[in-house]
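Engineer: Place chains L, S and D on chain B using the hints.
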Amino acid sequence: MSDYTSKIKEISERLLKEEKVEIIIGFRKGTVPMMNEPCFVKTPEDVKELVWDSNCGINLANYLTGRKEKIAIIAKGCDSRNIVTHIIENKIKREQLLIIGVPCKGMIDKNKITSMFENEIMEVSEDKENITVKGEGFEKTLNKNDVLQENCKICVHRNPVIYDELAADLIDEQKVDRYEDVRKIEAMSPEEKWSYFDDLLSPCIRCYACRNACPLCYCPTCFVDESMPQWVGKSIDPVDTRTFHLLRAYHCAGRCTDCGACERACPMGIKVRLFTKKLEKDCLELYGWQAGLSLNERPPLDTYRPDDPEDFIK
Amino acid sequence: MKDWKPRIVGFLCNWCSYGAADLAGVSRMQYPPNVRVIRIPCSGRMSPKFILAAFMKGADGIWVSGCHPGDCHYMEGNYYARRKFALFKNLIEYMGIEPGRLHFSWISSAESTKFARVINEVTSAVKALGPRKHGIKTMPDELVKSKISMAK
Amino acid sequence: MRFITIDKNSWANGLENLYGNYRLFGPVKNNNQHFFKELAKGELPDFNYLNTRLSPKSLVFPQTEIMFEFSLDENDEQHHILKEINKDYSPRALIGIRPCDAASFMLVKRNFDTPEYKDNYWLHAYESTIFAGLACDNPCNTCFCTSAGCGPFHEDGLDLLLVDEGDKFIVKILTPKGDNFINSAGWETEADPTASEKIIAEMQIKAEEKIASSVSTDKLKNKSTIKLYDGTFWDDIAFACINCGTCTYVCPTCWCFDIQDEVTRNSGIRIRNWDSCMYPLFTLHGTGYNPRNTKMQRVRQRFMHKLKYYVDKYGDGIQCVGCGRCIRLCPVNIDIRKVCDIMNNYEG
Amino acid sequence: MQNPYLPYPVRIDEIITETEDKNLKTFKLVFINPEDEKKFSYMPGQFAELSVAGKGEIPIGIASSPTEKGFIKFTVNKVGLVTTCLHSMKPGDIIGVRGPLGCHPWDTLKGKSVVIIGGGFAFTTLRSSIVYMLDPLNRKNFKDIHVIYGARSPGMLLYRNELAAWETRDDIKMHITVDGTDDPEWKYNVGFVPTITEQKAPSGDSDTFALICGPPIMIKFTQPVLDKLGHAHDHIIMSLEMRMKCGIGICGRCNIGKEYVCKDGPLFTLAELNNMPKEY
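Chains as they are written, first to last, in the numbering used here: chain B, 116 to 429; chain L, 41 to 192; chain S, 49 to 396; chain D, 74 to 353.
Just so you know, the hints here were simulated from the structure itself, not pulled from any lab data.
All values derive from a computational prediction rather than experimental measurement.
No residue lacks a Cβ here, since even glycine has one placed at the ideal position from N, Cα and C.
One or more hints might be untrue.
Stated by the list, open to error - To be clear about the criterion: a stretch of chain S counts as covered by chain B if any three or more of its residues have a C-beta under 8 Å from a C-beta of chain B, and this derived list gives those stretches:
# : stretch
1 : 93-103
2 : 341-350
3 : 374-383
Isolated chain B (complex conformation):
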């Protein structure tokens, strides 16, 4: 990954020196293992802070909303798709952006790795295909592909879809079945589904990390904060919690790129992607749509075809 980092630094330094942009949005080294912190860099001297490795799972498109200056942003496949969505939804202008594309081999799942060890992990390093985990009295090397975030495992757009610079050569895309888990739930009876999601959501503390980590969630007033009328209660009542998750997901219908930011951000480890993935699957099956691939197509809920499927309507 160090070659990615040095290439990113090199491009960033050049862009700042040539005054092509005022700010670079990227990552700096985190203070704990398997975490990096989104950051901004405004001078060529500070470019040294930037890093790239398998802990850059945050979707940086989240930091673009409403910015006014000329920006260079580092973008994995999913980030680039959300940048496209942001441009389509007028949250940022294409002309403002210089996109430094990063062909992405997936981000590692911190929760999964943490749960593999009883003792505290003190240090994690990586080397091409391998992740080495060290802690008090243990050291273990893992295959990176075994510990990827769930969304990265099934990612079919690892290369950025839109970019001005590239931090590395493009890579082969995967051919995978994206919806095995969704189909499993679809096959359940209503009763089973209900209790499945009750269990899934029972740890939720309504902190809204899933919502806030999502680059799609930029409404000035979220529906959970509306008071006249109040659509959803603010307690941890299971009915309210479920309604929150349902509406949050539905609000991302046809826009979600499955970047995994929501799931990664959840402090309770809830698989919140199970909601958005269902919508993603339906958008693909009903409307042939994948979010964030093109600047020239309107998202599925912003358009229609006269012959859209309607067998569910009497």
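Structural biologist: Showing chains L, S and D alone in chain B's frame:
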């Protein structure tokens, strides 16, 4: 359970299905009385929040009806609505609401017969499912416990 | 000071004896994470843990708590009048709470138990609780309790301290409440105070040595509040923040709450829910004006409150026990240790 | 142990629409349990939480004076969920009142001259203060009393009958103003509050305190005028607003620095505010 009467909320478009309801009434058609009608300006105005709010407050079934594709008073409101409905219906059924709870239809203001037929279908589908078992907001356990302990 | 030892073979038996007299709460593993949970009869707390994912604050200060109930039915003689509800404040015991979490209740108590106003809900729950601490000998890499006025064997806020010594616990009984608890369990193997104290002191030194990270707080008290508030470092700190409430919800010392009314048909409740200074709605005026409108202002509020306003108000502390949860669970790696050091060393 | 979150039940006795836009109504409330009135012992400048079952609570300044017995009054602007509901209520309806809350300035003001400067609907607690000071038993405790009160138009002035009555007295100097009017009958000032303050307010001295309550923009432009008139910053008392919930300094949202506006305020001297973060 025999005496149980379902509570169904019907969201009807002002320009078509609402008129059909009127016509069905004027024509003295017989249909079940379990639907509470809320008039909406267009099926395109229908927000998923309305459906969730009705379900949270205890509706046993929900029925949304608008103009036939191509006949929207606002040209294309129902086309957009159709996509929203498809995704929404799939999502709430995926989360465990039974398929017979949420219904959609296209009924023009002249189709009083269809109106009566659909309201029959909706009502019998909801009746067949019985009362909702989940997802109705009730008073929290703590309050229930408090009442029990006060009664002791 | 009284010391006893509990043979681990008689641990379950003692808890069984306590069961009728106390509601027992302890760490339980669920989905690879530990949480404090009420123990069913026969259920044992799982002490094989670093720290619980969430702090046990919710056992005294629930995330959602009913304050009052009322009827909106005009046929009801007392309609629209708020009434108190009957609450369960029977004795409860938090078994295996870490010293940092126990210390947090002492900080929070300053907020809920003031000379002018007493928050009955918090105080009643707090007073009905026994804090049976578990000394910490396996800290996380994010722990910095020793520099946050606390420590792995810290006793403030505890009624008794359990120290794990292989096949037995050494128990240091710290309060009469703790004494009653031990007696009720029927554990009675007295231990020699001097010898026990010595063993514990040795273990404590070892445990403290393991705590690798720290914060510097010495200069915070004398720093100018206005200068820190106007500090130039806030934009950099706040950039990554996504304004979720995770840090505040997992924090044992965050106490802010919101009050809401909820109505079902003709009856309603007034409840309070945890709230967070990270949310814009927290300070939004009715007019639409918001004194903390930007993300940076909200992030600044959180750190200034913990590390400066609290110090200004009470003349000591920081409002933090160094449990490290906010560092572990922040989705974007904002680290209070870093912020604290920046503030402590800021010369603006 | 008294539960500080439990409101006293009160009955709405009378509702008066105060302004021509009908957005301000005064609610005269009577305690359902007479003993609660004794417990609710307040001073002008304090506020209370009005509680509407099913909607919530809002902090509102007390508009009546403790010298007026048998009722309390609140003038409420229609803004959000609770106030909209209050505006739709009728006499006889039951609500709740929790308080009194916040601090008051009367230990400081005793024996002094007082300059009251108010704008818009923030005049409520100032009305309370004026009624309190003009009470025959209290008037001797104060020297000169000046009142500068402005609203957008004559129809937007609160308590118009009382203003007219105070105008005719010689133990209080009234300077009523409106931003503008085409009413030929209008016989008072026309101009913004800062301008009228500059023209009419007495200069500052150690025996004079200014009491300001109004919208932020008015405060912003009045403050330099008071500086010019020689009012010392520790003799200017301002009332702040914040979103509040508990009202007793516990729920955590209304702080400015270490001070909670609900409990340590809402009144602060300008000298105090100068040493607090500008986050209000």
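Engineer: State for each hint whether it applies.
Structural biologist: The hints, checked one at a time:
Counting residues of the stretch 93-103 of chain S whose beta carbon lies closer than 8 Å to any beta carbon of chain B gives 4, which reaches the threshold of three, so the coverage claim holds. For the stretch 341-350 of chain S, the proposed coverage by chain B is not satisfied: 0 residues have a C-beta within less than 8 Å of a C-beta in that chain, short of the threshold of three. Only when three residues or more bring their CB closer than 8 Å to a CB of chain B does the claim for the stretch 374-383 of chain S stand; here the count is 8, and the claim holds.
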